[in-house]
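Visitor: So the protein lines, in turn, are chains A and B. In short: position in the first sequence from 1, add 24, done, that's my numbering. In short: position in the second sequence from 1, add 327, done, that's my numbering.
Rather than coming from a laboratory, the hints here were simulated on the basis of the structure. Incorrect hints may have been included.
[Stated by the list, open to error] Below, in silico cross-link-like pairs of lysine-lysine (DSSO-like), each with a Cα-Cα straight-line distance of 30 Å or less: (1) A:Lys266 <-> A:Lys202; (2) B:Lys691 <-> B:Lys714; (3) A:Lys279 <-> A:Lys254; (4) A:Lys391 <-> B:Lys738; (5) B:Lys395 <-> A:Lys398; (6) A:Lys106 <-> B:Lys382; (7) B:Lys738 <-> A:Lys398; (8) B:Lys746 <-> A:Lys362; (9) B:Lys521 <-> B:Lys509; (10) A:Lys279 <-> A:Lys259; (11) A:Lys202 <-> A:Lys426; (12) A:Lys99 <-> A:Lys56; (13) A:Lys83 <-> A:Lys99; (14) A:Lys391 <-> B:Lys746; (15) A:Lys362 <-> B:Lys738; (16) B:Lys738 <-> B:Lys714; (17) B:Lys714 <-> A:Lys391; (18) A:Lys302 <-> B:Lys738; (19) B:Lys509 <-> A:Lys398; (20) A:Lys266 <-> A:Lys254; (21) B:Lys352 <-> A:Lys391; (22) B:Lys691 <-> B:Lys680; (23) A:Lys104 <-> B:Lys714; (24) A:Lys89 <-> A:Lys104; (25) A:Lys341 <-> B:Lys746; (26) B:Lys352 <-> B:Lys714; (27) A:Lys426 <-> A:Lys398; (28) A:Lys362 <-> A:Lys398; (29) A:Lys391 <-> B:Lys395; (30) A:Lys307 <-> B:Lys738.
[Unchecked claim] Selected chain B positions facing chain A (in silico; Cβ < 10 Å): (31) Leu411; (32) Leu443; (33) Trp446; (34) Phe620; (35) His648; (36) Leu652; (37) Asp740; (38) Leu741; (39) Asn743.
Ideal Cβ placement from N, Cα and C applies to all residues, glycine included.
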Amino acid sequence: MKKLFFVLFSLTINVDTFAAFESTYEPLQSEKILFINGNILDGEGNELLDTDLLIADGKIIAIGKGISVDDKDIKIIDAKNKWITPGIIDIHSHMGVYPAPSVRTSSDGNEATSPVTAEVWAEHSMWVQDPQYALALKGGITTFHVLPGSANLIGGRGVTVKNLQRNTIQSMKYPDAKHSLKMACGENPKRVYGNRGQAPSTRMGNFAGYRKAWIEAENYLNKLEAYDAKSDEEKMVESPPKRDLRLDTLSDVLKDEILVHIHCYRAEEMALMIDVAKEFNYKITAFHHGVEAYKIADLLADNGICGALWADWWGFKHEAYDMVQANIAIVDQARGGKGCAIVHSDDERGIQRLNQEAAKARAAGNKAGYDISKARAMNWITSNPAKAAGIYHETGSLVAGKNADVVLWSGDPFSVYSLAEQVFIDGALAFDRNTGFGPVSDFDVGIVDPREDRVND
Amino acid sequence: MIRIIYFLSLFFISISAISQTIVIKGGEIHTGLNQESFIGDILIEGDTILEVSTKPLKADVVVDASNKIVTPGVIAPDTQIGILEIGAISETRDGDSNMYSMGFSVFDAINPNSTLIPWNRSNGVTSAITLPDFNWDPLSGMASYFLLDGSLRVNGVPDVALTGEIGAVSSGSRAESLILLKDLLEFASTLDEKDISSSKKISEVMEDFEVADLMELQPRDVIALYNLLNNKLPLVIKTNRASDILKLIDIKKLYGLNLILMSAQEAELVKGEIAENNIPVIVNPFDNIPDSFDELASNIRIAASLEEAGIKVMFSESRTHNYHLIRQGAGNAVANGMSYTGAIMALTSNVAKSFNIADRGILKKGMKADIVIWEDDPLEPATFPTKVFIDGNDMDLTTRSSRLTERYTDKRDLPNTYK
Numbered sequence: 025m026k027k028l029f030f031v032l033f034s035l036t037i038n039v040d041t042f043a044a045f046e047s048t049y050e051p052l053q054s055e056k057i058l059f060i061n062g063n064i065l066d067g068e069g070n071e072l073l074d075t076d077l078l079i080a081d082g083k084i085i086a087i088g089k090g091i092s093v094d095d096k097d098i099k100i101i102d103a104k105n106k107w108i109t110p111g112i113i114d115i116h117s118h119m120g121v122y123p124a125p126s127v128r129t130s131s132d133g134n135e136a137t138s139p140v141t142a143e144v145w146a147e148h149s150m151w152v153q154d155p156q157y158a159l160a161l162k163g164g165i166t167t168f169h170v171l172p173g174s175a176n177l178i179g180g181r182g183v184t185v186k187n188l189q190r191n192t193i194q195s196m197k198y199p200d201a202k203h204s205l206k207m208a209c210g211e212n213p214k215r216v217y218g219n220r221g222q223a224p225s226t227r228m229g230n231f232a233g234y235r236k237a238w239i240e241a242e243n244y245l246n247k248l249e250a251y252d253a254k255s256d257e258e259k260m261v262e263s264p265p266k267r268d269l270r271l272d273t274l275s276d277v278l279k280d281e282i283l284v285h286i287h288c289y290r291a292e293e294m295a296l297m298i299d300v301a302k303e304f305n306y307k308i309t310a311f312h313h314g315v316e317a318y319k320i321a322d323l324l325a326d327n328g329i330c331g332a333l334w335a336d337w338w339g340f341k342h343e344a345y346d347m348v349q350a351n352i353a354i355v356d357q358a359r360g361g362k363g364c365a366i367v368h369s370d371d372e373r374g375i376q377r378l379n380q381e382a383a384k385a386r387a388a389g390n391k392a393g394y395d396i397s398k399a400r401a402m403n404w405i406t407s408n409p410a411k412a413a414g415i416y417h418e419t420g421s422l423v424a425g426k427n428a429d430v431v432l433w434s435g436d437p438f439s440v441y442s443l444a445e446q447v448f449i450d451g452a453l454a455f456d457r458n459t460g461f462g463p464v465s466d467f468d469v470g471i472v473d474p475r476e477d478r479v480n481d
Numbered sequence: 328m329i330r331i332i333y334f335l336s337l338f339f340i341s342i343s344a345i346s347q348t349i350v351i352k353g354g355e356i357h358t359g360l361n362q363e364s365f366i367g368d369i370l371i372e373g374d375t376i377l378e379v380s381t382k383p384l385k386a387d388v389v390v391d392a393s394n395k396i397v398t399p400g401v402i403a404p405d406t407q408i409g410i411l412e413i414g415a416i417s418e419t420r421d422g423d424s425n426m427y428s429m430g431f432s433v434f435d436a437i438n439p440n441s442t443l444i445p446w447n448r449s450n451g452v453t454s455a456i457t458l459p460d461f462n463w464d465p466l467s468g469m470a471s472y473f474l475l476d477g478s479l480r481v482n483g484v485p486d487v488a489l490t491g492e493i494g495a496v497s498s499g500s501r502a503e504s505l506i507l508l509k510d511l512l513e514f515a516s517t518l519d520e521k522d523i524s525s526s527k528k529i530s531e532v533m534e535d536f537e538v539a540d541l542m543e544l545q546p547r548d549v550i551a552l553y554n555l556l557n558n559k560l561p562l563v564i565k566t567n568r569a570s571d572i573l574k575l576i577d578i579k580k581l582y583g584l585n586l587i588l589m590s591a592q593e594a595e596l597v598k599g600e601i602a603e604n605n606i607p608v609i610v611n612p613f614d615n616i617p618d619s620f621d622e623l624a625s626n627i628r629i630a631a632s633l634e635e636a637g638i639k640v641m642f643s644e645s646r647t648h649n650y651h652l653i654r655q656g657a658g659n660a661v662a663n664g665m666s667y668t669g670a671i672m673a674l675t676s677n678v679a680k681s682f683n684i685a686d687r688g689i690l691k692k693g694m695k696a697d698i699v700i701w702e703d704d705p706l707e708p709a710t711f712p713t714k715v716f717i718d719g720n721d722m723d724l725t726t727r728s729s730r731l732t733e734r735y736t737d738k739r740d741l742p743n744t745y746k
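This is chain A alone, in the form it adopts within the complex (with noise of 0.2 Å):
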């Protein structure tokens, strides 16, 4: 008997130790480059003119003036008045699972059948065959992170994806990056919900489904956490608390394992939010959204929470009616500019262009009295959602032994005529402007022309 409870027990380690959906992901080949003369925004706040960068074995190994290298084999590109920029990093997207063609059969980012989906995973709904990750990475995206919609309370888990388009998401997932949960404020869920005669139908009722679910939470992980305080021989004869999806996600937030991003538009439902967190001891990575964010950018700042705004969206909905064009740059300055701004897309057409996004907030900034530099607006779109997506140790900027994702650009990436002339993940070039190199989906062969690929750009 006793044998056979330790065969069991031996069973269940071994299922515990295969780490289901794990990623696969493997760079192309890359390349020794050393870019000389360069203009570099290196995404931590620093302009460098004139200025060359070189990278081998997929990483960042040098960045200075005059870096010379004794080495016939490395490839010199000349970056004479071009900018380089660390690789653009998009914290909110649905790319695969709201994909093009946007058709019912495909729209997969909401699972709008209960307020609290935390055992849903968005990498499950991805469709890699998307052909929007190849236009994104024309707009020199080199990672993103999908998340589920907002019409649930808590929508699921999110994932970081390199863009590197392949056969299947494992391949594609960054590397050891945690998941996200999803959660959502204000009209969505209490409309979804509302509409169908079932909570929550207010905002109030919004919170209460919050910190029920998290009542839960803490309820399942007192249980795992008596059953792991318990003795090797105790276990033998009890077995372990049943596991539940939905539960595994919130407590894994509870254990700081999980990154909480916030659809959130109103100031005072971002301040409640943060109480919420509090109350179960969480920590809230970003609030997206936020079009509200500059009223309370000061709390923000002192909770160490980032803002992933638009630059200029509003009107669509009353919890988007305050718009101010200077919401990114006021959360940015906040506390002496201790504050966390981030330019996100939650949109195929902007993720193509968050340069762009990035250069209207700051320019808005700017006009209401701030100071902000090039340099500084860069972090919006490279370190600090890197930082919000737990990837900052890896990438986001460009410092000797990170990753080399660089992007290399005909002009100011601030101006809308530059564009990114050659993208490269991991030090491997993944698109190249002027040769026409760069990934094709399975859904753009043949399928306007049998002969051709469709175009897509």
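Dock chain B against chain A, hints included.
Guide: Relative to chain A, chain B alone:
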């Protein structure tokens, strides 16, 4: 009595003679015509441009535009400005009619106090075409044109165009839409002035047209149909697939329609025929995504490609609140191959010409003074206007958004409600 009128008229003549003149001085002028920009002066009197010249002009008031760019005010061709305040609140939307179809006019719904008006004006849009909702009908309501001057008595022209839509439908067939369009036009072609002279007459002609009954057409719908053919009212059709565009070109030729294509994401595939038939096209330069199976050929170079074929291009923007972003769209079009002059024309004179707005959209003598002075290149989204003139009036550029910005960048230690 005659003497009094004579006296009064003298009085008014003298008033207009002493009305202030304004000169916009030394700006880089883009006239909205197909010509190179030049440094020059623009003289305004009242609501009209008196002169545009490379020589210095004098006036009572001088507005310095040196090192700045001067263009005609942007004319937005495809908005719901004035008839929509908040997208998700249906009570603030006035773009749809339950009762009328072609005869539905949105003009009376325009709200001159809408926050979208100062917002778009402060970003350089001086007038707009406002369209009713598209409801997948081949012919629907009428679009109106108005100035974004905020005047409570709306300054504009009602019913400047008829609208409609042809393409993918989730139930039924596009063939049905095309047949309906042809039936309606065939019916319209039988109408003469007498037929529409009274409601009674209209009811009589409708009796012979079964579709009128099926569609529950009203007399004013029939009048709109008559005007479409007899007064050459522009017909704006939203459509995308190349084969649909060709069908519409055939119909245009058959009935002599003044057709304008909108969206037209596959226009590139049939650009030769579009150009041959002088059909203007409204495109969204951001729309390079194959959103549906009607738009598989869409790509970022559409504006450049149509311009190259000799087609009159205009720009649209999908979000009416920020319709001014057609400037950013124009910038993207230029970044992807369109000419700069062509992009400025697309924002100004091409719209005026396509919608028969004879006195706006171009900076030249005799035109209305709708003028924007930009701090820098207007096609850069980070550029703001410094001055906006509508009908010669120097418009206030305050917006609700700028007021909120002031309130929340005010460092005084007071609640926001006391700032």
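Visitor: Now tell me, hint by hint, if it's right for this structure.
Guide: Evaluated hints:
1. Distance restraint check for A:Lys266 and A:Lys202: the Cα-Cα separation of roughly 24 Å lies within the 30 Å cut-off, and the hinted pair is therefore satisfied.
2. Between B:Lys691 and B:Lys714, the direct Cα distance comes to roughly 18 Å. Compliance with the 30 Å bound is thereby established for this hinted pair.
3. Between A:Lys279 and A:Lys254, the direct Cα distance comes to roughly 19 Å. Compliance with the 30 Å bound is thereby established for this hinted pair.
4. About 16 Å separates the Cα atoms of A:Lys391 and B:Lys738, which keeps this hinted pair within 30 Å; it holds.
5. Restraint check for B:Lys395 and A:Lys398: the C-alpha separation of about 22 Å stays at or below 30 Å, so the hint holds.
6. Only pairs whose Cα atoms come within 30 Å are accepted, and A:Lys106 paired with B:Lys382 is rejected, the gap being roughly 39 Å.
7. Proximity of B:Lys738 to A:Lys398 is assessed by CA-CA distance (about 25 Å); at most 30 Å being required, the pair is judged to hold.
8. Restraint check for B:Lys746 and A:Lys362: satisfied, since their Cα atoms lie roughly 24 Å apart, inside the 30 Å limit.
9. A hinted pair counts as satisfied when its Cα atoms are at most 30 Å apart, and B:Lys521 with B:Lys509 qualifies at roughly 22 Å.
10. A hinted pair counts as satisfied when its Cα atoms are at most 30 Å apart, and A:Lys279 with A:Lys259 qualifies at roughly 22 Å.
11. This hinted pair checks out: A:Lys202 and A:Lys426 have alpha carbons roughly 18 Å apart, not beyond 30 Å.
12. Proximity of A:Lys99 to A:Lys56 is assessed by CA-CA distance (about 6 Å); at most 30 Å being required, the pair is judged to hold.
13. With a CA separation close to 15 Å, the supplied pair A:Lys83 and A:Lys99 stays within the 30 Å bound.
14. A distance of roughly 20 Å separates the Cα atoms of A:Lys391 and B:Lys746; the hinted pair therefore holds under the 30 Å criterion.
15. With a C-alpha separation of about 17 Å, the suggested pair A:Lys362 and B:Lys738 falls inside the 30 Å cut-off, and the hint holds.
16. For the proposed pair B:Lys738 and B:Lys714, the alpha carbon gap of about 28 Å is at most 30 Å, so the pair holds.
17. For the suggested pair B:Lys714 and A:Lys391, the alpha carbons sit about 15 Å apart, so the restraint of at most 30 Å is met.
18. At most 30 Å may separate the alpha-carbon atoms for a hinted pair to count; A:Lys302 and B:Lys738 meet this at roughly 28 Å.
19. Restraint check for B:Lys509 and A:Lys398: the C-alpha separation of about 56 Å exceeds 30 Å, so the hint is violated.
20. A distance of roughly 16 Å separates the Cα atoms of A:Lys266 and A:Lys254; the hinted pair therefore holds under the 30 Å criterion.
21. At roughly 24 Å between alpha-carbon atoms, B:Lys352 and A:Lys391 fall within 30 Å of each other, so this suggested pair holds.
22. Taken as a hint, the B:Lys691 and B:Lys680 pair is honoured in the structure, with Cα atoms around 14 Å apart against an allowance of 30 Å.
23. In summary, the hint linking A:Lys104 to B:Lys714 is not supported, as the alpha carbons are separated by about 37 Å, beyond the 30 Å threshold.
24. Distance check on the hinted pair: A:Lys89 and A:Lys104 sit about 13 Å apart at the alpha-carbon level, within 30 Å; holds.
25. The suggested pairing of A:Lys341 with B:Lys746 holds, with an alpha-carbon distance near 26 Å, which does not exceed 30 Å.
26. In summary, the hint linking B:Lys352 to B:Lys714 is supported, as the alpha carbons are separated by about 13 Å, within the 30 Å threshold.
27. About 22 Å separates the Cα atoms of A:Lys426 and A:Lys398, which keeps this hinted pair within 30 Å; it holds.
28. With a C-alpha separation of about 17 Å, the suggested pair A:Lys362 and A:Lys398 falls inside the 30 Å cut-off, and the hint holds.
29. Restraint check: the Cα-Cα separation between A:Lys391 and B:Lys395 comes to about 17 Å, which is no more than 30 Å; the hinted pair holds.
30. Of the supplied pair hints, the one linking A:Lys307 and B:Lys738 holds, its CA atoms being roughly 29 Å apart against a limit of 30 Å.
31. At a threshold of 10 Å, the smallest CB-CB gap from B:Leu411 to chain A is about 8 Å, leaving the interface hint in force.
32. For the restraint placing B:Leu443 at the interface with chain A, the shortest Cβ-Cβ distance is roughly 7 Å, inside the 10 Å limit, so the hint holds.
33. At about 8 Å, the closest approach between the beta carbon of B:Trp446 and any beta carbon in chain A falls short of 10 Å, and the interface hint on this residue holds.
34. Interface hint at B:Phe620: satisfied, since its Cβ lies 6 Å from the closest Cβ of chain A, which is below the 10 Å cut-off.
35. With its C-beta approaching chain A no nearer than about 4 Å, B:His648 sits inside the 10 Å limit, and its interface hint holds.
36. Given hint, B:Leu652 at the interface with chain A, holds; its Cβ is 8 Å from that chain's nearest Cβ, closer than 10 Å.
37. At about 12 Å, the closest approach between the beta carbon of B:Asp740 and any beta carbon in chain A exceeds 10 Å, and the interface hint on this residue is violated.
38. Using the Cβ-Cβ criterion of 10 Å, the hint placing B:Leu741 at the interface with chain A is not satisfied: the shortest such distance is roughly 14 Å.
39. Taken as an interface hint, B:Asn743 checks out: its beta carbon lies about 7 Å from the nearest beta carbon of chain A, inside 10 Å.
Comparing the model with each numbered hint stated earlier shows that hints 6, 19, 23, 37 and 38 do not hold.
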